[in-house]
Structure formats: structure tokens, C-alpha cells
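Each chain, written out:
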Amino acid sequence: MTHRVHVELVDNPIVVPSLIDDANDPDVGAIAWFFGVTRRNTGDRVTDTLFYEAHRPMAKGSLEDLADLAREKFDLRYIVIIHRLGEVPVGQASVLVGCSSPHRRDSFDALAWIMDELKRVVPIWKRECYADGTTEWVHPVES
Amino acid sequence: MTHRVHVELVDNPIVVPSLIDDANDPDVGAIAWFFGVTRRNTGDRVTDTLFYEAHRPMAKGSLEDLADLAREKFDLRYIVIIHRLGEVPVGQASVLVGCSSPHRRDSFDALAWIMDELKRVVPIWKRECYADGTTEWVHPVES
Amino acid sequence: MSLNILLFAAARDDIGSDYVEIDVPDDATAGDVLNKLSELSPFMAELVPYCRLAIDERYAVASASIQGAREVALIPPVSGG
Amino acid sequence: MSLNILLFAAARDDIGSDYVEIDVPDDATAGDVLNKLSELSPFMAELVPYCRLAIDERYAVASASIQGAREVALIPPVSGG
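The listed protein sequences derive, respectively, from chains A, B, C and D. Quick note on the numbering used here: the first sequence kicks off at 1126 and runs consecutively. Quick note on the numbering used here: the second sequence kicks off at 1126 and runs consecutively. Quick note on the numbering used here: the third sequence kicks off at 857 and runs consecutively. Quick note on the numbering used here: the fourth sequence kicks off at 857 and runs consecutively.
Hints are computed from structural coordinates only; laboratory data are not their basis. Glycine included, C-beta positions come from ideal geometry on N, C-alpha and C. A few of these clues could be false.
[As the list claims (entries may be wrong)] Simulated restraints on C-beta separations:
#1 A:K1198 - C:D883: 56 to 62 Å
#2 A:D1257 - B:E1189: 37 to 43 Å
#3 B:P1142 - D:N860: 45 to 51 Å
#4 B:D1241 - C:D869: 23 to 29 Å
#5 C:E927 - A:Y1255: 54 to 60 Å
#6 A:K1198 - B:H1228: 19 to 25 Å
#7 A:P1265 - B:V1171: 44 to 50 Å
[To be verified] Listed next, the in silico DSS-like pairs over lysine-lysine satisfying Cα-Cα at most 27 Å (straight line):
#8 A:K1198 - B:K1244
#9 A:K1185 - A:K1198
#10 B:K1198 - A:K1244
The task is simple: from the sequences and hints, build the whole structure.
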């Protein structure tokens, strides 16, 4: 029974780890992947590109903590979390999360949980660069 | 705004459609993929390989119906459903489902819903070929 | 009338053929066809109560008429995925 | 004592530097540091109430002591993903 975790911050387009082979484990029945992609339209604003910044060592540690917590909460065999920093143009991936598990429900639930937590606690920030030339840091305030 | 559906029954290893490009759409913020993989262990039985059979034209139509229903229930841009038939050894994928959407929740929920429905209604059957040489059609009976 | 029923998976293995020909009245329903199929063998008597009938590639309710059907198939409990 | 606080995102842009040096008592808490940071500018006065302080790469509660900290960082509301 293998438990592998791959956490990475990258400054270039995310290279997808090989989808079946890397997660290969005869006890795996389910593999699920999530790609977060820069979207052009948010409400009535048009995005040209996003720029991501991080407290890098803290963000890396925080993602590793998330992977460990996910393995405690769900029956997982393999976890990948890769976040891209710097400029991420429309249509490109800023984040990739992958899980494998004996049963599909664990991978589905873990993907959703990891993304929710990532957006809540990991010290990474995005700056919107709108088509009209303005830019804006996104600092969501809980209402 | 594009809405694309790709449904396929294949007799060979599933080839993953290119993950970002095929689903590329500037309104897409989330892409999620699920791979169902032949697992070695179920309870205390050891599987060597699975063999899948289908009512092919009905299964194809049923998967297309599922894709259409998923697009009605969730805000999706792109849906891929590929099911492999024939022998699928341990560690290989029997099914691939992919979705893209403006927001991640739609893709997560659609993946889980499509897999639940697929297992409930699509006329595909698997035969377990156990390591001890016995084989058995899987015909789950609701209890 | 004589009717060919497509068979799959354990039903096909039990009957030993991809289809079986049965005789039913002209006004037979999907339910009548299922009853007839369940009489074919002890195994079918156990399996058929859990099966659905598909008429022209659509699941049919028990009261559905099989008149004019181009294809009738016995669909055992499915296990794809 | 004098303390360097790492700054990120909108806070860094407002102050115009990757860090800011502030003076706090030796027994200062994370809450004291946040209060001090909120006095740096009108923008910081608005932003800091929504920020967390990280001591040695871990989020700190307001009562946490900053004594012995190797690194203190102001973490504005995050927006990764």
C-alpha cells in the first residue's frame, strides 16, 4: 500500500503528471483531477490575465499540511497539488489537484475539500489584470 | 459560448483527450476528470482482470442522454464520457468522465452525478475474472 | 407472434445464445415478455425479476406494448463504470 | 524591540516594500503587531482588520507572543486556486 504526496509551486505552465501510471496502484479504483483555469468573465468584468503571488515557503508547507489532512479525512492513495505562480493567462491552469482512492467517493470529496481549504488558508494571492488596463488584488472578505 | 459533448465506447486503452486544449473556452474556470480503474482487491477477493460487455447502441445513446441531462442540471461547457469494453486489466481505466464549467462546483457535482447515473442505467456489464480462475458476472441487486 | 429477445451477460451465458425466440400474444406487454423469459430456466427465474426490458433501446414499463417493436432486449442489472 | 514584518499583495503595494520595520514592546502579541500595522496608512487601517499574522510560517492567534519569532508576516485575505 503506497501513499504518495506530490506538492509543488511552479512558475511555468503546469505539466500534468502522467495520469494513470503515476497513480498506479492495484488498490486504486478511482482517480480524479481538478484544474482551476483563468476565466475571462467574472460578473461583467473581462479578465486579460491573472498574476499569482505567494509566501512561497509558507504556501508550500500549507499545501503539504492540506495533503496530510486530506489523507486523514479520506481513504486516499495518491495526492498531487500543483499551484502556478506569476502570470496565468486566460485558458491556462493556475492549480491542479489530483487524488486516487480505492472508491470514487473519497477522491471526489477530497478534491472538493482540498480546493475549499486551499482557497481559505494557503497564502497565495491573485491580482486581476482586466482588459480595460486596470489591475486589482483579490482579497476576499467574509461577509 | 460552446457546448461540446464527446461520448465514445472503445475497445482499447482509453486515450485521454488533451486536458486543457480540448476543453479550452475563455468562460471555463474549472475542469475535472474522473478515471474509473480496475481494482485488484474487493473485500477478500483478488481480481485479475475485468471484462466489460454492452448493448452497444443502447449504451451509446444512454451515455449521450446522460451528457444532455448533466448539461441541463449543471452549468457545464464540455463533457467527455468514454467507456472501455472488453478486457480491462488491473490498473487500467474502464471509464473516463470529464467536465468543464465556469465554476468548480458544477464540474465536481456533474462528475459524481454522471458516475452514479452511469452505474444505475447504462446497459454495460462487467465480469470479474478472479485470481483463483473463477469468473462471475456482476449484476448488483438493490437491497 | 414470435419474438427475438436480445440477451446479455449472465442471461446470455445461461441460455447459451445472444438471443432467444419466444412466442407471445400479439397484444403482449413488456411484463408478459419478462414472465415468459423467467420460465426459460431456474437461473432465469431468479435473474429476470431484477431485469428490465428495453424496447427499441429504451427501458420499458411493465405495461408497455411490444407491438411494432423493432428490437426487444433483456437488460440484467447493470455494472458499468 | 524592532521587528521586520513581511508584506504581500495589496499590503506590499500600499507600503511600497516587501517588508516594513516596526517598533513594539518586547512582550508584544500578534494582536499588538496587527494594531501597529493598521496605523501605517489609511489603506492599511482598512485592510489589516481582515488580515492574519503568521509567525514562523504558521497563523498566529491574537494572543500569541512574537518573542523568539524568526519571521513575522502579514497575510491578507488569500485568493489562490
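Are K1198 of chain B and K1244 of chain A close enough, with their CA atoms no more than 27 Å apart?
Satisfied, since the Cα-Cα distance of roughly 25 Å is no more than 27 Å.
Outcome for the supplied range 37 to 43 Å, where the beta carbon pair is D1257 of chain A and E1189 of chain B
41 Å, holds
Honestly, do P1142 of chain B and N860 of chain D meet the 45 to 51 Å range at C-beta?
50 Å Cβ-Cβ, so the 45 to 51 Å window holds.
Does the Cβ pair K1198 of chain A, H1228 of chain B satisfy 19 to 25 Å?
Holds, since K1198 of chain A and H1228 of chain B (Cβ atoms, about 23 Å apart) stay within the stated range.
Holds or violated: 23 to 29 Å for the Cβ distance of D1241 of chain B and D869 of chain C?
27 Å, holds
Is it true that the CA of K1185 of chain A sits at most 27 Å from the CA of K1198 of chain A?
Distance of about 20 Å is within 27 Å: holds.
Note whether the CB distance of P1265 of chain A and V1171 of chain B lies within 44 to 50 Å or breaks it.
49 Å, holds
Go ahead and decide if the range 56 to 62 Å is satisfied by the Cβ distance of K1198 of chain A to D883 of chain C.
58 Å, holds
With the threshold set at 27 Å, check whether the alpha-carbon distance from K1198 of chain A to K1244 of chain B stays at or below it.
25 Å, holds
With 54 to 60 Å as the target window, see if E927 of chain C and Y1255 of chain A comply at their CB atoms.
Given about 56 Å between the Cβ atoms, the range holds.
Comparing the model with each earlier hint shows no violations; every hint is respected.
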